[in-house]
Amino acid sequence: MPSGSADAAAGPGGPRPPAVELRDVVKAYDQGFRALDGVDLRIERGEFVAINGPSGCGKSTMLHLVAALDTPTAGAVLVDGSDLRTVADLSAYRRNHVGLVFQLHNLLAHQPVLANVELVMFGTPRNAHERRERALDLLGQVDLAGREHRLPGQLSGGERQRVAIARALANDPELLLADEPTGSLDSVSAGHVLELFQAVHAGGVTVLLVTHDHGIAAAADRIIEMRDGRIVDGAPGGGAADAVPAVGPA
Amino acid sequence: MAFGKFLLRGLWSKKARSIGLTLAIAFAVMTVVTLEVTSSGLEQAAAAVITVGKADFTVAQKGTSDLLSSSVDHSELERLRAVPGVKQAIGVLVATERINAANPVFIEIGINPADLAGFGVTVVAGHPFAPTATDQVMLGWRAAANLGLKVGDRFHADGTWNTITGIYSTGNSFGDAAAMFPLPAVQGYNRLPGIVTLAFVKVDPGANVTAVARRVDHELPELTTIRTASQFGRADRNLVYLRAAVTGSTILAVAIGAVIVGNTMLLSLFERTRELGLLRAVGWTRRRVVGLLVGESLVLAIIGAGVGVGLSFGVTAVLERLPALTGILHANYTTGAFIRALATAVAMTILGSLYPSVRAALLVPLRALSYD
Ligand SMILES: Nc1ncnc2c1ncn2[C@@H]1O[C@H](COP(=O)(O)OP(=O)(O)OP(=O)(O)O)[C@@H](O)[C@H]1O
Ligand SMILES: [Mg+2]
Numbered sequence: 068m069p070s071g072s073a074d075a076a077a078g079p080g081g082p083r084p085p086a087v088e089l090r091d092v093v094k095a096y097d098q099g100f101r102a103l104d105g106v107d108l109r110i111e112r113g114e115f116v117a118i119n120g121p122s123g124c125g126k127s128t129m130l131h132l133v134a135a136l137d138t139p140t141a142g143a144v145l146v147d148g149s150d151l152r153t154v155a156d157l158s159a160y161r162r163n164h165v166g167l168v169f170q171l172h173n174l175l176a177h178q179p180v181l182a183n184v185e186l187v188m189f190g191t192p193r194n195a196h197e198r199r200e201r202a203l204d205l206l207g208q209v210d211l212a213g214r215e216h217r218l219p220g221q222l223s224g225g226e227r228q229r230v231a232i233a234r235a236l237a238n239d240p241e242l243l244l245a246d247e248p249t250g251s252l253d254s255v256s257a258g259h260v261l262e263l264f265q266a267v268h269a270g271g272v273t274v275l276l277v278t279h280d281h282g283i284a285a286a287a288d289r290i291i292e293m294r295d296g297r298i299v300d301g302a303p304g305g306g307a308a309d310a311v312p313a314v315g316p317a
Numbered sequence: 186m187a188f189g190k191f192l193l194r195g196l197w198s199k200k201a202r203s204i205g206l207t208l209a210i211a212f213a214v215m216t217v218v219t220l221e222v223t224s225s226g227l228e229q230a231a232a233a234v235i236t237v238g239k240a241d242f243t244v245a246q247k248g249t250s251d252l253l254s255s256s257v258d259h260s261e262l263e264r265l266r267a268v269p270g271v272k273q274a275i276g277v278l279v280a281t282e283r284i285n286a287a288n289p290v291f292i293e294i295g296i297n298p299a300d301l302a303g304f305g306v307t308v309v310a311g312h313p314f315a316p317t318a319t320d321q322v323m324l325g326w327r328a329a330a331n332l333g334l335k336v337g338d339r340f341h342a343d344g345t346w347n348t349i350t351g352i353y354s355t356g357n358s359f360g361d362a363a364a365m366f367p368l369p370a371v372q373g374y375n376r377l378p379g380i381v382t383l384a385f386v387k388v389d390p391g392a393n394v395t396a397v398a399r400r401v402d403h404e405l406p407e408l409t410t411i412r413t414a415s416q417f418g419r420a421d422r423n424l425v426y427l428r429a430a431v432t433g434s435t436i437l438a439v440a441i442g443a444v445i446v447g448n449t450m451l452l453s454l455f456e457r458t459r460e461l462g463l464l465r466a467v468g469w470t471r472r473r474v475v476g477l478l479v480g481e482s483l484v485l486a487i488i489g490a491g492v493g494v495g496l497s498f499g500v501t502a503v504l505e506r507l508p509a510l511t512g513i514l515h516a517n518y519t520t521g522a523f524i525r526a527l528a529t530a531v532a533m534t535i536l537g538s539l540y541p542s543v544r545a546a547l548l549v550p551l552r553a554l555s556y557d
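First to last, the sequence lines map onto chains A and B.
Numbering-wise, our numbering comes out as the position in the first sequence, counting from 1, plus 67.
Numbering-wise, our numbering comes out as the position in the second sequence, counting from 1, plus 185.
In case anyone wonders, no lab produced these hints; they're calculated from the structure.
Don't take each hint at face value.
[What the hints assert, rightly or not] Over the 10 Å line for every Cβ pair with chain A, so calculated as not near, a few chain B residues: (1) Ser250; (2) Ser358; (3) Glu404; (4) Ala429; (5) Ile445; (6) Ala466; (7) Ile488.
[Unchecked claim] Derived DEER-like restraints, expressed as beta-carbon distance ranges: (8) B/Gly189 x A/Ala141: 22 to 32 Å; (9) A/Glu262 x B/Gly205: 57 to 67 Å; (10) B/Arg194 x A/Gly123: 33 to 43 Å; (11) A/Thr138 x B/Gly521: 34 to 44 Å; (12) A/Ala195 x B/Ser198: 12 to 22 Å; (13) B/Gly499 x A/Thr138: 51 to 61 Å; (14) A/Asp97 x B/Phe455: 15 to 25 Å; (15) A/Ser122 x B/Leu547: 29 to 39 Å; (16) A/His279 x B/Gly476: 31 to 41 Å; (17) B/Val425 x A/Ala195: 51 to 61 Å; (18) A/Ala141 x B/Leu547: 50 to 60 Å; (19) A/Thr138 x B/Arg428: 47 to 57 Å; (20) B/Gly495 x A/Gln98: 19 to 29 Å.
[Unchecked claim] Where chain B lies over chain A, by a calculated footprint (3+ residues, C-beta under 8 Å): (21) 131-139; (22) 157-169; (23) 185-194.
Computed from a predicted model, the values in this text were never measured in an experiment.
The beta carbon of each residue, even a glycine, is placed where N, CA and C say it ideally should be.
Between the sequences and the hints, there should be enough to build the whole structure, so can you do that?
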């Protein structure tokens, strides 16, 4: 959990704050272009949420803000009730609280699969032996037992994504963030990867998954539709849809 | 897996860069170590003059450019002998002469035969020369062995053919590779009547050597006392210049090495942007990223130091055999030289990796991830 100041709504003993909350978030780039233009979003604990929308609508931008890989121009991002601006050690937040899976380039090409999973556990209380045991266990769970000494280049795309998922789970995150994890996969491999996300979700982890793929999105508890830096459907209170025609919820 | 293994695997996977960096470090280390051991070899050879005489301390003229151009005259020698606490002061004239290609700086010592015992000389064959002879010589046993000469043979040196009256030993390799002549003969040939180069002083039994030396320094301000080889620079300014040149070259080598290391690391930073960005994105701290880069450099520094010392052995072996340097250059490998090798390599890599590491630490993980 982030160690920043808890939001007022989350007093001790009170209802637990949402896993992720965005409050009127704006992300503007140099020429005043707004990749995110006033996003409000609430994701409850244990929810499996898919973010859908056309290319360039701001999906990755939003995910990066939640992962503390970027900061909003205006508005606030709260995780577990803590404003990320008040979290002193964002490295620890990324290491311990979230698991990250990207579309491509998840792995270090020169390190074997096992090392690619273990590397997120440096700087955690696990010793070298425990790191290895944990990585082997996770690789077994994603059906990659026996491939731990291969280099990423010797795996298929789907296998590589499963390594990335194993790594994302290594430090028992409360929040799993994935940006088009099946974007480069055929439908069979994508299906395997989706099953893994569902299993993780079943284990109580909050999952936030960016995808173009309506089939993948359909597996989620909720689909959030975005257009031009805004949420047009699936947001709390009926969404912030204005002139843009909404796509019906799944 | 240990962090170290992770680090080593990273180095191994980029063999070309790792080998390039190691070689850059090795060449700088080789330069520094070779300069160091050859200059300290020269220093030792020069300083060995004062270790030949078994003295408590040696007295030379103050401020000469090199020790062998020191000049102490007869009256100064007398005043030295009169300083309280001085038991004996043996004056010797030291000159060098080219004997042959293998002995370009052969040492010739002019000394009175009466002073031989006090100077620590033992005659091991034949007998001493006559005090005023102009064609007699004694060879140190090493010199005799090197030149293939024995008692009764003739030896051309000091401007004339001399008969070898005896072979001596001083127990000092430098003295044993020299020749000794009657003092007036060397003074005459070098046109330095009444002049000696150095005076070798023994103090009265029980007297404090340091106190007596200090008194000599005080009472004979135009002279200087030398107790150890390291005080040698007091009487030999050439060595001071030599040391300064070595220090300057060392700094230069370290600076050039640091620039090469820094440049290589900066270039590799571009190709490693995605790797380091990914590590930051999955929760590596800035400190760990810096630790990875500096750790990698330190591993290469240690290997480079080892390779550099090895290269230096080879280079000095070649230098010692160069005709122009035979008999002059002697490598003197001390523990200090090895420590210096390691210090050079480490200083170079730390300096060189400082800026690239800061750049890596400031890398925005997102920028790195979208880097193609
Ligand atoms: N560094 C940047 N500078 C300027 N504009 C940027 C920058 N990064 C992203 N953008 C713009 O912000 C918008 C949203 O980008 P984002 O990556 O969030 O889109 P996306 O919804 O993930 O699209 P895709 O489905 O293609 O991945 C895009 O129009 C993009 O061009
Ligand atoms: Mg995207």
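Here is what the structure says about each hint:
1. The Cβ of B/Ser250 sits about 59 Å from the closest Cβ of chain A, beyond the 10 Å cut-off, so the non-interface label holds.
2. Remark: the non-interface label on B/Ser358 is consistent with the geometry, its nearest Cβ contact in chain A lying 54 Å away (cut-off 10 Å).
3. Distance check on B/Glu404: its Cβ is at least 70 Å (rounded) from any Cβ of chain A, clearing the 10 Å threshold; non-interface status holds.
4. No beta-carbon of chain A is positioned within 10 Å of the beta-carbon of B/Ala429; the least distance is around 46 Å.
5. With a least CB separation of 23 Å from chain A, B/Ile445 remains clear of the 10 Å interface cut-off, as annotated.
6. Look at B/Ala466: its CB is around 6 Å from the nearest CB on chain A, not clear of 10 Å, so calling it non-interface is violated.
7. Every beta carbon of chain A lies more than 10 Å from that of B/Ile488, the smallest distance being close to 19 Å; the non-interface claim holds.
8. Checking the proposed 22 to 32 Å range against B/Gly189 and A/Ala141 shows it is violated: the Cβ atoms sit about 45 Å from each other.
9. Separation of A/Glu262 from B/Gly205 is about 46 Å and departs from the stated range, judged on CB atoms against 57 to 67 Å.
10. Separation of B/Arg194 from A/Gly123 is about 38 Å and conforms to the stated range, judged on CB atoms against 33 to 43 Å.
11. Range check, A/Thr138 to B/Gly521: Cβ separation about 53 Å, and the 34 to 44 Å hint is violated.
12. Distance hint check: the CB atoms of A/Ala195 and B/Ser198 are about 20 Å apart, consistent with the given range 12 to 22 Å.
13. A beta carbon spacing of about 56 Å between B/Gly499 and A/Thr138 agrees with the range 51 to 61 Å that was offered as a hint.
14. The given range of 15 to 25 Å is respected by A/Asp97 and B/Phe455, whose C-beta atoms sit roughly 23 Å from each other.
15. In this structure the supplied range 29 to 39 Å holds for A/Ser122 paired with B/Leu547, their Cβ-Cβ distance being about 30 Å.
16. Taking 31 to 41 Å as the suggested C-beta distance range, the pair A/His279 and B/Gly476 conforms, at roughly 39 Å.
17. Here the CB-CB span from B/Val425 to A/Ala195 is close to 53 Å, well matched to the stated 51 to 61 Å.
18. Range check, A/Ala141 to B/Leu547: Cβ separation about 24 Å, and the 50 to 60 Å hint is violated.
19. Checked against the hint of 47 to 57 Å, the pair A/Thr138 and B/Arg428 passes, with Cβ atoms roughly 56 Å apart.
20. At about 58 Å, the CB distance of B/Gly495 to A/Gln98 disagrees with the hint of 19 to 29 Å.
21. A stretch counts as covered by a chain when three or more of its residues have a beta carbon under 8 Å from one of that chain; for the segment 131-139 of chain A and chain B the count is 4, and the coverage holds.
22. Only residues whose C-beta sits within less than 8 Å of a C-beta in chain B count toward coverage, and the segment 157-169 of chain A has 8 of them, enough to reach three; the restraint holds.
23. Counting residues of the segment 185-194 of chain A whose beta-carbon sits less than 8 Å from any beta-carbon of chain B gives 5, enough to reach three: the coverage restraint holds.
Taken one by one, the earlier hints fail for this structure at numbers 6, 8, 9, 11, 18 and 20, listed in ascending order.
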